[in-house]
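Asks: Each chain is listed here by its residues.
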Amino acid sequence: MYSVYEILRDNWLLLLVGQYPTGPLGGIVATLILSVLGIVLAFPLSVLLALARLSPWRLLNWPAAVLVYVVRGVPLLMVILWVYFLVPILIGRDVSGFTTMLCTLVIYEGAYLSEVVRAGIQSLPKGQGEAARALGHSHLGTMWYVILPQALYNMLPSMLSQFISTIKETTLGYVINVQELTFAANQINNQLLTKPFQVFFILAMTYYVVCFSLTQLAQWLERRIAHKRLGAVAVKSTEDGAPLPTPVVTQP
Amino acid sequence: MKDFDLLAILLKPEFGAMLLHGLQETLKIAAGSWLLAMTMAIVLLVVRLTPNRIAERVVAGYVSYHRNVPTLVQLMFWYFGIFSLLPDALQGWLSVHNAERLLSIVALGLCQAAYFSEDMRSGLRAIPAGQAEAARALGHGYIGSMRHVMLPQAIRNAVPALVNHSVSLFKNSSLAMAIGVAELTHAVKEIESQSFRTFEAYSVATVLYLLCSLIIMAVGGWLARRYRIAGAR
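Line by line, the protein sequences are chains R and F. Under the working numbering, the first residue of the first sequence carries the number 1, and numbering increases by one thereafter. Under the working numbering, the first residue of the second sequence carries the number 1, and numbering increases by one thereafter.
Here are the in silico distance ranges between beta carbons for each label pair: (1) Leu6(F) with Tyr69(R): 18 to 28 Å; (2) Val87(R) with Leu6(F): 19 to 29 Å; (3) Gly136(R) with Pro152(F): 45 to 55 Å; (4) Gly92(R) with Glu14(F): 27 to 37 Å; (5) Ile33(R) with Leu6(F): 32 to 42 Å.
Derived coverage of chain F by chain R (criterion: at least 3 residues anywhere in the stretch with Cβ under 8 Å from a Cβ of chain R; other residues may be distant): (6) 66–77; (7) 167–180; (8) 196–207.
In case anyone wonders, no lab produced these hints; they're calculated from the structure. The C-beta atom is built at its ideal place from N, Cα and C for all residues, glycine as well.
Generate the whole structure from the sequences, applying the supplied hints.
Replies: Next up, the structure:
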């Protein structure tokens with residue numbers, strides 16, 4: 001136990017920010033920046049994908065469905081290798097591991113998040129869309145003003161759990177030498193050589209603390225939103241409260 | 001980039017053998033960890049159903065740990081961390097018997113068991129309490145009501161989630177590459193570095209992975225339809 005404390009005391013800066021002032025940003029800060037950027041950039045893509053999958057036009061419907069199925073059927077590691085290989089060819093210059101990982105996360109999370117968004121849209125009572133159309137909104141207007149604001153609010157807990165998955169997925173950047181938390185821990189392990197158990201114990205616990213607190217937050221949010229929706233149903237008893245769809249959970 | 005030539009990889013005997021060997025290894029890891037995960041999940045479920053608070057806490061902790069720590073980190077923890085603590089005799093035995101493969105099966109299996117047991121538990125919780133009460137009222141014992149009334153419904157409820165998580169388990173087998181198992185992704189990287197035909201090599205692997213995942217999804221869908229109870233939602 002003492003050596004766990006010693007390792008933390010000697011290496012906390014490396015675990016926190018990597019070799020930042022002198023080298024590239026790394027550690028848990030890089031992990032978090034990567035996950036936040038990944039989910040923020042994946043979000044618009046996922047809404048577009050969900051709308052495409054729900055659209056009656058085959059030309060939009062099919063490519064989106066194919067993308068989602070391919071991403072769901074192929075390991076994240078394979079997507080990383082593809083992006084690592086294709087992006088430099090497409091834009092004509094080398095990109096950093098960080099950018100590669102970010103592109104991968106946007107594609108991968110975009111596809112998974114689009115399933116979450118689609119489930120959220122489909123779980124709204126049909127009357128909402130019909131009422132908006134009856135009031136003269138176009139299809140896109142209905143989506144923008146009526147459906148999406150409600151669906152996205154209801155999907156907040158699932159999106160948060162998707163964010164947790166993203167944090168866990170950033171670990172795979174290790175394979176292409178992205179400087180993040182797992183990479184930092186491996187650096188420490190390679191320096192010390194004799195304390196692998198302690199180093200990886202610290203690594204696992206760090207991820208656990210971050211992801212566990214976010215999981216608790218997601219559960220609190222879920223209860224709160226479910227409570228709010230139940231309240232709405234009690235007032236307007238004619239409208240059936242569709243249950244929250246089960247979130248699509250991914251794990252790296 | 002050279003022109004796209006799939007046959008250059010598929011027809012060359014050494015590359016074909018590498019691919020086949022990689023696929024075999026991937027399937028071995030996936031099958032092994034699936035069996036371990038299912039067994040462990042049933043054990044976890046049974047322990048959680050006993051009215052013992054300490055046992056319940058232990059299972060909840062197990063599930064929480066495995067769901068909140070990245071799978072790759074769990075894999076590294078087993079391979080670098082826990083392996084170093086094992087007694088020398090066991091370490092030696094493991095090294096002779098392909099430690100990388102065995103440890104990745106253990107790590108992936110134990111991790112997925114948490115997800116499987118949660119799937120089954122929510123399948124069980126979705127059954128109205130009246131079902132169990134009715135079974136007991138009709139004279140079934142606890143075991144009998146579980147076996148004849150609750151579990152048949154719970155498993156059917158859980159099938160979609162179990163299939164989804166089986167697909168992720170299969171996909172996660174690629175992580176074993178990070179600790180040096182010669183599975184499909186590893187084989188493909190090897191072929192790529194020998195032949196410089198990156199595009200072709202990656203395409204072959206992607207198609208193989210996709211095919212296996214789609215087969216798992218299709219079998220799951222078929223099972224769900226085949227064993228559907230008429231009139232159930």
